[in-house]
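Using the sequences and the accompanying hints, generate a full structural model.
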Amino acid sequence: MKVGVIVFPGSNCDRDMYHVLTDVFNLNAEFYWHEKNLPSDIDAVVLPGGFSYGDRLRAGVIAAHSPIISDVKKLAEKGIPILGVCNGFQILVESGLLPGVLLKNESLNFMCQWTNLIVNNNKTPFTCKLQMNQKIPIPIANGEGRYFVDDESLNQLKKNNQIVFSYENKVNGSISQIAGVCNSDGNVVGMMPHPERAAEKAINQIDHKPSSLIFESLIETIGMKN
Amino acid sequence: MPNFQVSVVIENKPGISDPEGDTILKDLVLKGNNNDITKIRAGTILKFSITEKTKEGAKDKVLKICDELRIYNPLVSKVTATVEEL
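Residue numbers (the working numbering), protein chains in the order written: chain A, 1252 to 1477; chain B, 2 to 87.
If you're looking for bench data, these hints aren't it; they were derived computationally from the structure.
Note that the coordinates shown come from a computational prediction; the quantities given were computed from them, not determined experimentally.
Each residue gets a CB set at the ideal place from its N, CA and C atoms; glycine is no exception.
Honestly, I wouldn't trust all of these hints.
[Stated by the list, open to error] Here are a few chain B residues that sit away from chain A, every Cβ distance over 12 Å (derived from the structure): (1) 2; (2) 33; (3) 57; (4) 78.
[Stated by the list, open to error] Where chain B lies over chain A, by a calculated footprint (3+ residues, C-beta under 8 Å): (5) 1299-1313; (6) 1350-1360; (7) 1395-1408.
Laid out in structure tokens, this is it:
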């Protein structure tokens, strides 16, 4: 089981993600520079957080044109689990792999704080071991995290069960308090909060188990396939 | 061939909230007793210098680039372009 962690110029959560995948969950992970190709036999791909290209123009938009994104799109079509966290979510949205857009937070401030997520869809490769409506204590750290879609797309998201996580309380002005969504097939998931900063007891004194289940869900999914 | 500068303004579509523009209006402009100002929209300006045969050609080419490379996000933003000969 091999998980690819994509590194863009300005990624800064790539090592945290790698550490959690390998040291905490014993997965075989590898970094892939954004100008390289992804192997076609890879089992899952993670786009980590950070500030690719310094958030110039709009968070994620320049990285969305990176050569590796065409491989990510091919893998997404094949049904390979793909997770984008924070800047990774912004890149997935800007590359068209996920619907919607992430605008500047309503406060216009960079927000770095603990929040509670609520699980709205436990059928994805990253949530299948979580319970519906389960609460996840987890940090956010972003300046452009306000999820937006128009009314028609919001209805589609609801109808297709594509809202994966929502904030328990109003955080940044996201429409319907959405914190994470998936594509219509469910294999591509994006979320603004950072599970890699919450899945270990040493750095999550509230409860690290719910965030752990995001990674354990992935293990169950790709483990079952192999 | 002549040189043109195409100025592209990217701003949120009407109906998409613009907290930056709202803050400038409420907390700066209206506090300065300028009650005749009713709205401010913040945006981004990109100036493209381009060699083209005509003004219209320069504008069309730049707007095409903006569309193809998603320089603006059509879901929430709109662009307007003005051209001047350099």
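Hint by hint, here is what the structure shows:
Listed as outside the interface, residue 2 of chain B is consistent with that label: its C-beta sits roughly 28 Å from the nearest C-beta of chain A, beyond the 12 Å cut-off. The Cβ of residue 33 of chain B sits about 20 Å from the closest Cβ of chain A, beyond the 12 Å cut-off, so the non-interface label holds. Once the 12 Å rule is applied to beta carbons, residue 57 of chain B is consistent with being away from chain A; the minimum gap is 26 Å. Its closest Cβ contact with chain A, about 9 Å, brings residue 78 of chain B to no more than 12 Å, contrary to its assignment away from the interface.
Given a C-beta distance limit of less than 8 Å, the hint that chain B covers the region 1299-1313 of chain A holds, as 3 residues qualify and 3 suffice. Only when three residues or more bring their CB closer than 8 Å to a CB of chain B does the claim for the region 1350-1360 of chain A stand; here the count is 7, and the claim holds. Remark: the region 1395-1408 of chain A is confirmed as covered by chain B, as 3 of its residues place a Cβ nearer than 8 Å to a Cβ of that chain, reaching the required three.
In this structure, the one hint that does not hold is number 4.
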